[in-house]
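Q: Spelled out from the first residue to the last, the chains are:
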Amino acid sequence: MITALWVMIAIAVVLGVVLGYAAIRFRVEGNPLVEKIDAVLPQTQCGQCGYPGCKPYAEAIAKGEADINLCPPGGEEGIHKLAELLGVEPKPFGADRQPRAKAVAFIDEKDCIGCTLCIQACPVDAIAGAAKQMHTIIAAECTGCELCVAPCPVDCISMQPLPERPNTWKWKYPVILLRPQK
Amino acid sequence: MRQLYTFHGGIHPPTNKAQSTTQPIAYAPLPAELVISLHQHAGEVAKPLVEVGERVLKGQLIGAPVSGFSAAIHAPTSGTVAAIGLQIVAHPSSLPELCITLQADGKEEWAARHPVDFRTLSNAELQSHLRAQGVVGLGGAVFPSDMKLRHSIPVETLIMNGAECEPYITCDDMLMRERAAEIVRGTEILRHALNTKSVLFGIEDNKPEAIAAMQQAIDDSSLPFEVVAVPTLYPGGSAKHLIKVLTGLEVPSGKLPTDIGVQCFNVGTAYSVKRACDDGEPLIARVVTVTGNVAQPRNYEALIGTRFAELVSASGALPGTDRYIMGGPMMGLELPGANVPLVKASNCLIAASDALFPPQPAPLPCIRCTRCVGVCPAELQPQDLYWFAQSNNFGKAQEWNLFDCIECGACAYVCPSSIPLVHYYRYAKSEIRARDQEKRAADLARERHEFRQLRIEREKQEKANRLAQKERAATTANAKTVAETASVPTPAKPVVTVDDTQQLRINTALERAKAQATAARPKNTDHLTPEQLAEIAAIEARRSHIHDIAADTGADDEPPKQS
Amino acid sequence: MLSSPFLTRPLPVNQIMLRVLLALLPGIALYVWYFGPAILISLMLASLTALATEALMLKLRARPLKPFLSDNSALLTAWLLALSVPPLAPWWLVVIGTAFAIVVAKQLYGGLGNNPFNPAMIGYAVLIISFPHEMTHWVSPQSLGGVQLSFTEQMSYIFLHTLPPGLTLDAITMSTPLDTLKTQLHLGHSVGEIRELPIYGRLAGQGSEMVAAGFAIGGIYLLFTRIISWHLPLVYLGTLFVMAGIFHLFDPAHYVAPLFHWFSGAAMIGAFFILTDPISSPTTAKGKIIFAAGAGMLTYLVRVFGGFPDSVAFATILMNMCVPIIDAYTQPAIFGRKDAHK
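Residue numbers (the numbering used here), protein chains in the order written: chain A, 280 to 461; chain B, 250 to 812; chain C, 3 to 344.
One thing to keep in mind: the hints can contain errors.
In silico DSSO-like links for lysine-lysine, alpha-carbon gap of 27 Å or less [as the list claims (entries may be wrong)]:
| id | chain 1 | residue 1 | chain 2 | residue 2 |
| --- | --- | --- | --- | --- |
| 1 | A | 449 | B | 645 |
| 2 | A | 449 | B | 296 |
| 3 | A | 411 | B | 712 |
| 4 | B | 678 | A | 315 |
| 5 | B | 645 | C | 288 |
Simulated from the structure, these hints should not be mistaken for laboratory data. The structure displayed is predicted, hence computed values, not measured ones.
Sequences are here, hints too, so could you generate the full structure?
A: This is the structure:
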């Protein structure tokens, strides 16, 4: 009985040493968590999460200060990816943070006064213009964050939802009716 | 006898081609209105060059290619531009594309045509000629033909694709039977452009008349081309598979046929090339098979932009047709309606009914019987791709080579559970492409955001530097004045090598204080004469004036205020 | 929007399963000829239980009944299970086995197409572990003479557990030929002596060798109609033959000839009907070969060195466990990627 005990202890010690050695010798320097989280986020830089940009939100998530369901532009998919990355349960969006259809800002040129307030607000420099010159949105670069809408003193910026075009259309998941709808 | 090779899998669906080959190609009646899509080729949408109300001539350029990967669009007949706007076109999404609506004036008045002698043209010149004539591949992929003439290594073999493996479609068959000489001529032009020695025509052996006609035309031309009858097996008309059958070479995944010294063109494209070069005619018409639930299935040469409904009524519409399919039953797409216009890719129109295409039973779960593996020409594992696609496991689907799938439909054809396999693959592919697109956009947005932050930092830095420089300049001026007024040699100006403006400010402030302190205590204040005292007072006044100037710096870009 | 292809010509699932059921008929006919009609009762009991339990589970899972009940897969599971339990087994044995196979091994995993293990073999495994006594008493073949029960007597035993007066169970049943072989070898007799016993025929046990031949005929029919591919049966039987052959050549007194192994127990029905269950076997050709070779080896090893007289069921189940990894590592190169390494 004592022999058995000694044998078990010996096995435990040996395995412990092996594991400890492996942990040090084969240590993998992975990407910092913040980078990984930032890679998942959509980079809209809109601030809907309450943080001034996607990187600060990623840092907050990594520190454990922020929840994973605060990013509407990332959609359900984004929540699931974050949940998988962090090993937590996905949770749905709150009522105040429902995802909206992707939209692009549009400046009504007859109202624009060239004040550059929207240019200063855009987090990705998607507005071309200068002081007392016409401003225009570079639609291809606009992420739909809506940060330019509020600063405009003449309210000339509106959000236009992107129409679906044949080259952005996706085949839908085949839905098979198992039984006729009641 | 030339050695032929085989490809894995393949199926033998009933061909249903006899119905539409009993009569010769007819010219479709000139429609009153044509709707010409500006995006009927692979690549970017063409830019309209005309305006509403403008009169155009037959063959006139109405849409210009916008980039290297784009194609030209020409007016199929003379008439007036009635509208330029979004119209429903043949696309599985039923979404509209930019189209030019043309009201035909019935005169069929041609614009100036510019035939060329291909023998005088180099490959590059022929490319720009074909590009100007809007010639694209008519086999279904509508790739700009000028791009297909580009090659980095010599093209050893030119293969002309007359296989037409899909059921119901007979347009290439009839074209080969009736216009073999023009096809041979077009092939000669392509051969010249590619500078190839070996030219093979691959025709499935269920088309004996076409084979005979092509052989006759080649004999008449005395060109060293070879007609090869390939075994009828769907999808033997796929370019990669025809290349394998005729040459034994497999085009590596992700590469082009020209990367292995082969190129493949459809016989219909060869015909268009002949018309573009010898006759100077742009691509404005094509042969299309109208078959299925119609009274007289046959082939028509129809103008691009003809609404399909007109072709169906020309063939005699029959009751029972509930949908229209453009293309064949294996790879075609269901049209949003019959009013959709003909495009360069339209090789066939099938009026479908429940009798012809019975509705498929409800799918059962996959039983992993691997019949799909047995027929897949790309040698994939369709059942694994199905399991991954249906569970949205896109990473694994890509690992299992989802993008090598040619969407031929052989797997779904044999599936005992009647699972719509191709639908799942298309879903998975479009999801993956959309995600890639989003990721690229997100990466770009992140880059722009980071650059913007860098730019703001940089501007702050520059502003602070300018400020510091200004202060330094002011301090130097101040120190100089101090040196002039005080007889005591001023302490050596400390060398300021800091790049931190804050430190610089502190230093200059200290400096100033020191200088002031020194200046405030002149060493020769004893035994002053009244004249010297008066002089000192005047100097003090001047000094304080200079102090005011230094303090009143104002904006960076404004010069100091002169008093 | 529907996607192409718009025209399909499959052999539907229920037709495939039906052909497999038909292929079992020659074996069943020979079974009845040699062992009496009791097996038909088991088959019927198993079929009814299978359909009933499947219907119940489908209802619980809120799935439509008609497409799944009519796909004949439950019937196939039932028949394979019924053919692996002794014909005079009490009715509850068949019912429990079939119910377990359908409910646990098939429906709880997700129904048709989702079971990782062969359901009939799981049912068999449960029965042989839980009721070894009932599972190892087989009816003597009629050719041996001795007492034979009439059909009504068999029915009354199966359902009411009553025997005609004066008869005990041991008088009308015996162990299987494989079982007998094992025990006799343990007792020290040589293979030559054992083979002289009256229960053995030309190749293997009397009667059961003919039944196995009947299943082989059915299996060849399936091969010719391309319902199954040749990889599994050929490699399984081949491995079994080679292993048995090596041991037999080495020591004929203690290891019986390969053909004996082929025609005993469930080797034939296993090769053509059990291993070839598409849902629980690998999808790649190389994978099938590995799977069948593994199953063949395990069958031989357990038969000769293990505790059970027959082991096709366990061999199948153990190899079923390995199928995902076999599939993952035997993916073939695709068109256009033949030169690249995976």
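Q: For each hint, tell me whether it holds in the structure or not.
A: Verification of the hints:
Between the alpha carbons of residue 449 of chain A and residue 645 of chain B the distance comes to roughly 20 Å, so the proposed pair stays at or under 27 Å and holds. Restraint check for residue 449 of chain A and residue 296 of chain B: the C-alpha separation of about 24 Å stays at or below 27 Å, so the hint holds. In summary, the hint linking residue 411 of chain A to residue 712 of chain B is supported, as the alpha carbons are separated by about 22 Å, within the 27 Å threshold. Of the supplied pair hints, the one linking residue 678 of chain B and residue 315 of chain A holds, its CA atoms being roughly 25 Å apart against a limit of 27 Å.
The suggested pairing of residue 645 of chain B with residue 288 of chain C holds, with an alpha-carbon distance near 21 Å, which does not exceed 27 Å.
When each numbered hint is compared with the structure, no violation occurs for any of them.
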